[in-house]
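Asks: Residues per chain are reported as follows:
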Amino acid sequence: MTKAVTPHVRGVFATRRRVLALGAAGLAMPFVRRASAKGAPVNVGVILPLSGANAQFGVNSRNGIELVAEQINARGGIKALEGAPINLVIADATSTPTTAATVGQRLITQNNVVAILGAYASSLTLALSEVTERRDIPLMTMSFSDQITGRGFKNIFQIIAKASVLGAAQLDGTVAIAKSAGQTLERIAIMYEDTAYGVSQAKGLRDAAGKLGIKVVMDEAYPLGITDVTPLINKLRGANAQAVFPASYLNDGLQIIRSMRQQSIAMPIIGGAGGYVIPDFRKALGEYAENVLSIAPGNYDLAPQLTDAFRKKYGYFMVHEALEHAVCLDVLAQALEIAKAADPAAVRKAMSEAEFKGGWCDAMPGGVVKFDQTGLNTHAVPMMVQWRGEDLVTVWPDQLAKAKPVWSAA
Amino acid sequence: MAFIQAVLDGLMIGGVYAVISIGLTLVFGVMGIVNFAQAEFLMLGMFVAYFAWAYLGLDPLIGSILSFIVIFCIGLVQRTLIQRVMKAPPVAQIFLTIGLLIVIENLALLAFGSSFRSVSTSYQTSSLRIGPLFVSVPYLAAFCMAVLSGFALWLFTDRSWYGQAMRATAQNPLAARLMGIDVERMQQIAFGLGVGLTAFGGAIVLPYFTVNPTVGSQFVVLMFTAVVLGGLGNVVGAVIGGLAVGVIQSLSALLFPIQLQNLVLFLVFIGVLALRPTGLVGSSR
Amino acid sequence: MKYWPYLLAALAVAVLLPLWLAPSGYLIRVLTLALLFAALGQAWNIVGGLANQISLGHAAFFGLGAYTSTLLLINFGLSPWIGMLAAAGIGALAAFVLSFPTMRLSGHYFALATLAFSEVLRVLASSWGSVTGGPAGLSVPFSPDSLLMLQFKSTRPYYYIILAALLFVTAIFVAIRRSALGYRLRAVKESISAAEVIGVDTARVKVIASVISAALTAALGVIYAQLTYFFDPDSVFGIISISIRIALITILGGVGTAIGPIIGSFLIVPLEELANLLLSSRAAGLSQLFFGILLIAIILVQPRGVLVLIRNIVTRARRRKPS
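Chains as they are written, first to last, in this note's numbering: chain A, 1 to 410; chain B, 411 to 695; chain C, 696 to 1018.
Chain A on its own, in the form it takes in the complex (with noise of 0.2 angstroms):
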């Protein structure tokens, strides 16, 4: 009797109390989830190469974008959004624009990202870029192609100078610096990979010689496999040409260099960043890396009290890409600063309307990112570095120089 009945009286009591506990709760809830919210971590996507050709690169990039949100959740987060961590949320973008473009839609609507770093090649930016403006989600991106901030979208915003400024900076750096070492340049030799990196950058080049008055002796497309130089050398031999702009990646540029030396070819050497810039540059030539001028859109020794961390932290010099995907991941999160909201749109209106300083953007030129309505940032501003040992050092322009270039026949 007893037992048929008390389990039930004691059901009661506790559905009872359940249900005052629960209604207890419920009127506390929207005080608790107030306070859960304190601090929700704020979802940031990741969208670069692990795999493929340009793994190294994305690699890179993540890695500097790791770094930075280290440094952020460590200081305490986004203090406007109570201490809010930053929350990577990483994923390979393969070397296929539509599947760049699919993880974009993954990680807009799975993990209701805020915003979005990607994705390194151009292609993949362009394809991602498509999706990300469609869902009002801002894109963040250190790719160069015109292309990126020729579309008239509003949510992409570009961290350095785009290609044909880049091109263009390349020669009028070069000739700065041939004049200052009493050469006044006149013929010169473009070669470049045939992706949309060389083919942009060799653009810029062409236009801007055309502008100089300055002949372009050779001006010769290579596919980015070529596996023998020599037709692209003997050419050069030939072109009687005074300099030469190189657009290359790691394996073709190490090929150039080397099949220059072999046939005694002295000329002064301008890299077009990409396989110009790495530590693996410098690795495999050893002494015959020494003084190779190259045109870059960032470079660490502008602010190397932050890019020390990174060489700490990784083993190698803080090569571009990381550096300028760390500040995109810092301009971010003064957005969100700025914003006070993890709400895509907030934070695409405070990233178009700000001026961001200090923090990681003391690593940029001027110390200043301000995107103009087409995304680009207005100033960033393309160096000279130039190889001195194991380090590359800014010589151009002077206001951001670190030391005084040096013009020789390689």
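Please note that the accuracy of each hint is not assured.
Facing chain C, from chain B, some residues (calculated, C-beta under 7 angstroms) [unchecked claim]:
no., residue
1, Arg494
2, Pro499
3, Ala502
4, Phe679
Just so you know, these hints were derived from the structure itself, not from any lab.
Built from N, CA and C at the ideal position, the CB exists for glycine as well.
Starting from the structure of chain A, add chains B and C where the hints point.
Replies: Using the frame of chain A, we list chains B and C on its own:
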């Protein structure tokens, strides 16, 4: 003069293409498989030679022999997989070797990382001068190694019992079996030899090339064109095909933009297939 | 024939499912891509399944389609529907031209020749920058939601268009298979010499199949361009990302059957996505490795495809049941 220089350069690099292609054609000749993953073994051979240089201080030209041995053994071990592939219909074969390509490339990516690695040797930036002509020393060294390996292969297939048994298996597996030859064993050796030679070819170009898990794809076109030119399965044809590819590539730069050099190769490829499907030299199948 | 109820049910699901999914979400995008590749596989099935010509170069037609319609759109403002007709025409022409050098080829040689052809087009698209935009690729000019311009902000309309395309291509496949052309193709597939003996013009038959397949593939390329709004030579002429994937989908699903490409696509596309989702952030190359191993495993176990695999399992299960 530019013409002679181009032919010279083309022949030297063509020697390397020849060694790489012999491997592919051997595999087809004895086993009937077009191994789409062949270039991945080239990549593995390059890595072996790279690590031999980095940790043992071996010059890649010596390291190439090590590459051959290591990859040959790996090839031998593939016996079961290869037998399964051979029994499959041609359609499935294509995709099995493609699957193998994906697996090897990504295993390498996981194991070795994505960075490009290069060796530094003393002769990398030197060249000989013969009159007005330049002869790049790394190219010449690779060419000599290629010739040596070709000679060694010829000795093997012509003089040794194993070599002759392999040729018999390639010509007529049933007859070979009737003569007491262990056909599966021959196919196993042929596969090992084939991938080993391609790996060797990769190692000898290491002085002027960088290695990275995706490097195989840069040689695929060249390898297949050389093999088709010479006739699938024909070793001598692969040598001629390899040299031809090198010279075509080099000469095309004199007439067309260098950017289109692969285009020229592809058109030659399609043209040969159209006019003489069994190759310029003739095929064993 | 007896599968009609299942087919209708599947069709009903396919039509109604998107209404439950977020119209611009991730899931619907994956499904749309799976439908697109199923349609591509079905078009390939016409030559690969019915004629037994393993083409590894169908990306050639796919890319031609994408470039044709997009260039017409950019330069003349023509609607992609018109572009689709033009694309189909150009694809058909390309297949016709390609048939000359490949006429006497079969097996490996044929596969390699088709591969080389698509690579020729890729290099051309990449180097002829003034016409094709070069390696940087082409962006489809923005237009507000419009059926005429085949452009929509959300993915749902694309889903239905591609579903219709899949049904259309499948209908053509089935129609060919049942027709006199299909009968002749079967004869060619069984034995070319025997077919010649009974009076089949084997060359003509192969060319017709190849032309139809190419035209359909090119038309699908147009839809792809409108769906992704951007493409470059590598994405539309890609060997592994397009040609091999199309052939793989059909073969894994069951080459020569109408349902094969559909099974194959709905197996492979979501699987790749899953691998990317779970594995790609862990270690570089892990998701691709997983995919490659799976590919090898499936082919080793049942080279004739998943459909046959399922049938065998079902038959074996039925046999075990005491009847």
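Asks: For each hint, tell me whether it holds in the structure or not.
Replies: Hint by hint, here is what the structure shows:
The beta carbon of Arg494(B) is positioned within 7 angstroms of a beta carbon in chain C (closest approach about 6 angstroms), and the interface hint is therefore held. Taking 7 angstroms as the C-beta contact cut-off toward chain C, the hint placing Pro499(B) at the interface holds, the least distance being around 6 angstroms. At its closest, the beta carbon of Ala502(B) sits 4 angstroms from a beta carbon of chain C; the interface hint therefore holds under the 7 angstroms criterion. The interface hint given for Phe679(B) holds, since its Cβ lies 5 angstroms from the closest Cβ of chain C, which is under the 7 angstroms cut-off.
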